[in-house]
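Engineer: Okay, here's what each chain looks like letter by letter:
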Amino acid sequence: DTEVTQTPKHLVMGMTNKKSLKCEQHMGHRAMYWYKQKAKKPPELMFVYSYEKLSINESVPSRFSPECPNSSLLNLHLHALQPEDSALYLCASSLLPGTPPGQPQHFGDGTRLSIL
Amino acid sequence: AQTVTQSQPEMSVQEAETVTLSCTYDTSESDYYLFWYKQPPSRQMILVIRQEAYKQQNATENRFSVNFQKAAKSFSLKISDSQLGDAAMYFCAYRTSANTGNQFYFGTGTSLTVIP
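Heads up: the protein sequence lines correspond to chains Y and A, in order. When the letters of the first sequence are read in order and numbered with the working numbering, they come out as residues 1 to 116. When the letters of the second sequence are read in order and numbered with the working numbering, they come out as residues 1 to 116.
The hints are simulated quantities; they were obtained by calculation from the structure and are not laboratory data. Only a predicted model underlies this, so the values are computations on that prediction, with no experimental measurement involved. Cβ coordinates follow ideal geometry from the N, Cα and C atoms, glycine included. Some clues are possibly wrong.
Stated by the list, open to error - Cβ-to-Cβ under 7 Å is the rule here; a few derived chain A residues that face chain Y:
(1) T3
(2) T5
(3) Y25
(4) D26
(5) F35
(6) R43
(7) M45
(8) L47
(9) R50
(10) F91
(11) F106
Working from the sequences, and respecting the hints, build out all of it.
Structural biologist: Okay, here's the thing in structure tokens:
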């Protein structure tokens, strides 16, 4: 069983819809990540939160809006998406470096998003 | 930025045989961490094995072991006694040891098929 929980597992939305993806962990991790993954490709980093503050934004279009309301929860708000945004969206969490160092990321099952 | 290369997009192995997946990386750092992740068709990324760069001893986890060659910047994964459940995408990943290093760098992945 995964310790990082993502909801929903599947989402189909039109290009004019507004929806949100949710990610939750209760491992005390203070780094949380959003990735986008296409089939047979590695995860592409979108955002990194450290201590609930956005620390990395990999030039992601503004139609994706992340939010970290507390240390356990990470949201990704979606608005006016394009068909090419259809992908698996993965959330991950980890201890921050030095706490101790070299901690792996723990991934959720992902949300499979389809844009009509 | 660090780069991680997996030169084998696809590999196959006969059940019960041994297979080695290759990974090379480029970095100017002396201290860092390397990981192998497995992603079965169910799509959850699972940590397989971790290696600290300052340790000379190769990491081992049951049937999984690594051959870490720091000077050559090589980090291959050996799977012994391959099982049908080992079929998956395998991603090599790099993490800096720096306190600001929340980012993981993933390789392009190797798709492993296990032949009964």
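Engineer: Confirm or reject each hint.
Structural biologist: A quick look at each hint next to the structure:
At a threshold of 7 Å, the smallest CB-CB gap from T3/A to chain Y is about 12 Å, leaving the interface hint violated. Below 7 Å, beta-carbon pairs count as interface contacts, and T5/A has none with chain Y, the closest being about 11 Å; its hint is therefore violated. Residue-level restraint check for Y25/A is violated (minimum Cβ-Cβ distance to chain Y is 13 Å; threshold 7 Å). For D26/A, the interface hint is violated, the least distance from its beta-carbon to any beta-carbon of chain Y being 16 Å, above 7 Å.
The beta carbon of F35/A comes within 6 Å of a beta carbon in chain Y, closer than 7 Å, and the hint placing it at the interface holds. A hinted interface residue such as R43/A counts as satisfied when its beta carbon comes closer than 7 Å to some beta carbon of chain Y; here the least separation is about 5 Å, so the hint holds. For M45/A, the interface hint holds, since its Cβ comes within 7 Å of a Cβ in chain Y; the closest pair sits about 4 Å apart. Interface hint at L47/A: satisfied, since its Cβ lies 5 Å from the closest Cβ of chain Y, which is below the 7 Å cut-off.
Taken as an interface hint, R50/A checks out: its beta carbon lies about 6 Å from the nearest beta carbon of chain Y, inside 7 Å. Annotation: F91/A was flagged as interfacial toward chain Y, and the flag holds, the nearest CB pair being 6 Å apart, inside 7 Å. Contact between F106/A and chain Y, as hinted, is supported at the beta carbon level, the nearest pair being about 4 Å apart and thus within 7 Å.
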